[in-house]
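There are 2 protein chains.
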Amino acid sequence: MKHAFSIVAILFFTAQITCVAQSNYEPSETNQPGKEYPKVNSEGRVKVSILAPEAKKVQLDIGGVKYDLTKDSEGVWTGESAPQDEGFHYYQLNIDGASVPDPGTKYYYGAGRWGSGIEVPAKDKEKYALKDVPHGKVSEQLYFSNITQAWRRCFVYTPPGYNKDTTTEYPVLYLQHGSFEDETGWAEQGKANLILDNLIAANKAVPMIVVMDNGYAYRPSEGSARPQSVFEEVLINEVIPLIDTEYRTKSDREHRAIAGLSMGANQTMRIIMNHLDKFASYGGFSGTSNYPNSDEIDTATFLDGKFHDGDAVNEQINVFWLGLGTKEPDIFMKTVGAFKNMLKKQGIDYTFYESEDTAHEWLTWRRSLYEYAQLLFKN
Amino acid sequence: MKHAFSIVAILFFTAQITCVAQSNYEPSETNQPGKEYPKVNSEGRVKVSILAPEAKKVQLDIGGVKYDLTKDSEGVWTGESAPQDEGFHYYQLNIDGASVPDPGTKYYYGAGRWGSGIEVPAKDKEKYALKDVPHGKVSEQLYFSNITQAWRRCFVYTPPGYNKDTTTEYPVLYLQHGSFEDETGWAEQGKANLILDNLIAANKAVPMIVVMDNGYAYRPSEGSARPQSVFEEVLINEVIPLIDTEYRTKSDREHRAIAGLSMGANQTMRIIMNHLDKFASYGGFSGTSNYPNSDEIDTATFLDGKFHDGDAVNEQINVFWLGLGTKEPDIFMKTVGAFKNMLKKQGIDYTFYESEDTAHEWLTWRRSLYEYAQLLFKN
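Chains A and B are the protein sequences, given in the same order.
Position 356 of the first sequence, counting from 1, maps to 356 under my numbering, and the rest follow consecutively.
Position 294 of the second sequence, counting from 1, maps to 294 under my numbering, and the rest follow consecutively.
Only chain A is shown next, with the shape it has when bound in the complex:
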């Protein structure tokens, strides 16, 4: 009897929790102005709603899972996902087989398209919240690339006060997005500007310029040859000289850092190791240059032997930093693991950061930037 009562009590308690979670749905912070849906609840469930009176089937497609919505008598389809991880997620709706953005959200470039995004509030959201602190600016910088023979664009964060004291020079962090993303990612879903604003206001990071370029760069196509990435050349020969001309930078290697996420981590590691005269600090967020190979790294051949002399690496690199979410796919666990093993074997100093309960997603990278930026330019 007591046992039965307990079960009833537990069921009742569970029902109450569910009820609270059901009733505490709030419009997402990524919604378009005035839009009620999508909503997120305290469990991290995402609830969407769309008028589609003639549709046969409408689904919410998020986190690799499709959830069927149900239609009411007015033709409005509504439904919710399972709980999602904290942080930012790309998603879409599927209406009778058409994959389309949810007209309720703002749009973000990721997964190779401009599409819907949603924010599940995180415990540590204060790190990247818009607060009453001095704010830097994010500027669009257009430039013509002679290498790619095309107009390109980067975004440049200048710290609070940059425009006021026009004599101060600043160190620069070059910060790259991942695959199927672009130069808008870090300042939009990455919230890089707010992270820096908050760190600088708290005296946790030194004021710095952050340059966010597009990691896809190819020479004009020649015949049927597969286009070869020339991002390294564009960054070294075009972007850095442009930034050092257009902005008040400290232009020596000690005051220049480079970091990236996923594909960007891979790219920027190659770039710093090829150009140690240009950069003194590296950050790899959810990625390393041995990707996708998780075998033991042979330092004699890996990146042309650039990690073979561990002491030389230690001498030249001030901050060597790696970050990874605890819920990342196996391939990242294994490849970053193999890379760390190599660093240990070579006696190379590095910092490793684990982002709790996050996958290969933007909360991992926001946290990584938050941690990494605090270590820069402090020697």
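Derived from the structure by calculation, the hints contain no laboratory data.
We treat Cβ as the ideally placed atom computed from N, Cα and C, and that holds for glycine.
Do not take every clue at face value.
Stated by the list, open to error - Derived pair list, reagent style DSSO-like, types lysine-lysine, alpha-carbon separation capped at 30 Å: (1) K56(B) x K57(A); (2) K56(B) x K56(A); (3) K57(A) x K35(B); (4) K57(B) x K56(A); (5) K57(B) x K106(A); (6) K56(B) x K71(A); (7) K56(B) x K106(A); (8) K164(A) x K278(B); (9) K71(B) x K66(A); (10) K66(B) x K57(A); (11) K66(A) x K56(B); (12) K35(B) x K56(A); (13) K125(A) x K106(B); (14) K164(B) x K250(A); (15) K56(B) x K35(A); (16) K35(B) x K106(A); (17) K106(B) x K66(A); (18) K71(A) x K71(B); (19) K250(B) x K164(A); (20) K106(A) x K106(B); (21) K66(A) x K57(B); (22) K127(A) x K164(A); (23) K306(B) x K250(B); (24) K71(B) x K57(A); (25) K35(B) x K66(A); (26) K71(B) x K56(A); (27) K35(A) x K35(B); (28) K164(B) x K204(B); (29) K57(A) x K106(B); (30) K164(A) x K164(B); (31) K334(B) x K66(B); (32) K66(B) x K56(A); (33) K35(A) x K106(B); (34) K57(A) x K57(B).
What the hints assert, rightly or not - Simulated DEER-style distance windows between Cβ atoms: (35) E36(B) x I147(A): 20 to 28 Å; (36) E29(B) x R219(A): 19 to 27 Å; (37) T326(B) x R219(A): 42 to 50 Å; (38) S42(A) x I147(B): 31 to 39 Å; (39) D72(B) x R219(A): 35 to 43 Å; (40) E26(A) x E29(B): 31 to 39 Å.
Since the structure of chain A is already known, use the hints to place chain B on it.
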């Protein structure tokens, strides 16, 4: 017989023209990277395509008209619109009753939502083309408004060279969007930065700063009272002091202009007439403050009699400029017409510009900015 031949010839000739137009569809410049559709042809027709295998009915909704698409055996729906005016248009798709953005385009804020936009190349597109000239920057400026008790944002264009010579001070144009648009409109679909870059490079306009704020501003809601717009207070008491602090401005009235489109034209006319100590030039693009009333204007009462003394207005305003598309809806023709009649009657000097073959749309406003900016700050 000759007559019949002529008809055949005409039909044949027409068919050829149609055939050329059909075959010269090109991906729109507003497409997402790598997307083939939507396309635009030389007639200005818009052709869209979307995979929606289970849908019953799919439509293209552009220019207030819905066009049915047709489905092929693969489930891909395709169809085209009638010829559209040159310039930029908002549009959407309708899938079984759901109004959604076209996943092929980039997204723009207008018509009260972030949604699809398409560019029909105009004869005078060089005015706002991205060219090999020095480019200014567009920066995001966050600020907390004590009046609205909310974070707000404006975008600020600084001309080429702003960061290089850090002693030069610049005049400022405050430039406002229309109803159901926001602070992103002028630098995105308006191409204000490219228009200024091109004018400055051609020595047609003096280098100036352009500030693009959000015209919607309300005090925190109090009870059930209808919120009262406080944009004028925000602009005068918060935005202008912020800009004069953050940027190297010439901060006297002679070096400050204000302009807006549609609702923004209405708002900014009120603002300059209430603050002639702050601004010396006005531009009204497709709008005037008598809107929606097209009756003869009584200058004794209109805007508290601010136009009653025509000589005083002439003395204080350097440039009084009005622009209108030749295909604008009747209400704008009539209200702007009534306003011009009042100016004539009062002997107030003004410039009137007609944008050929454009309606209440962005090409009218791009052209207006192109003309208006050339007249500013030249006394």
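Here is what the structure says about each hint:
no.	hint	in the structure
1	K56(B) x K57(A)	holds (11 Å)
2	K56(B) x K56(A)	holds (9 Å)
3	K57(A) x K35(B)	holds (26 Å)
4	K57(B) x K56(A)	holds (11 Å)
5	K57(B) x K106(A)	holds (26 Å)
6	K56(B) x K71(A)	holds (17 Å)
7	K56(B) x K106(A)	holds (28 Å)
8	K164(A) x K278(B)	holds (23 Å)
9	K71(B) x K66(A)	holds (24 Å)
10	K66(B) x K57(A)	holds (23 Å)
11	K66(A) x K56(B)	holds (21 Å)
12	K35(B) x K56(A)	holds (27 Å)
13	K125(A) x K106(B)	holds (29 Å)
14	K164(B) x K250(A)	holds (15 Å)
15	K56(B) x K35(A)	holds (27 Å)
16	K35(B) x K106(A)	holds (20 Å)
17	K106(B) x K66(A)	holds (25 Å)
18	K71(A) x K71(B)	holds (25 Å)
19	K250(B) x K164(A)	holds (15 Å)
20	K106(A) x K106(B)	holds (12 Å)
21	K66(A) x K57(B)	holds (23 Å)
22	K127(A) x K164(A)	holds (26 Å)
23	K306(B) x K250(B)	holds (26 Å)
24	K71(B) x K57(A)	holds (18 Å)
25	K35(B) x K66(A)	holds (24 Å)
26	K71(B) x K56(A)	holds (17 Å)
27	K35(A) x K35(B)	holds (28 Å)
28	K164(B) x K204(B)	holds (21 Å)
29	K57(A) x K106(B)	holds (26 Å)
30	K164(A) x K164(B)	holds (14 Å)
31	K334(B) x K66(B)	holds (28 Å)
32	K66(B) x K56(A)	holds (21 Å)
33	K35(A) x K106(B)	holds (20 Å)
34	K57(A) x K57(B)	holds (13 Å)
35	E36(B) x I147(A): 20 to 28 Å	holds (26 Å)
36	E29(B) x R219(A): 19 to 27 Å	holds (22 Å)
37	T326(B) x R219(A): 42 to 50 Å	holds (46 Å)
38	S42(A) x I147(B): 31 to 39 Å	holds (33 Å)
39	D72(B) x R219(A): 35 to 43 Å	holds (36 Å)
40	E26(A) x E29(B): 31 to 39 Å	holds (38 Å)
Checked against the numbered hints above, the structure breaks none of them.
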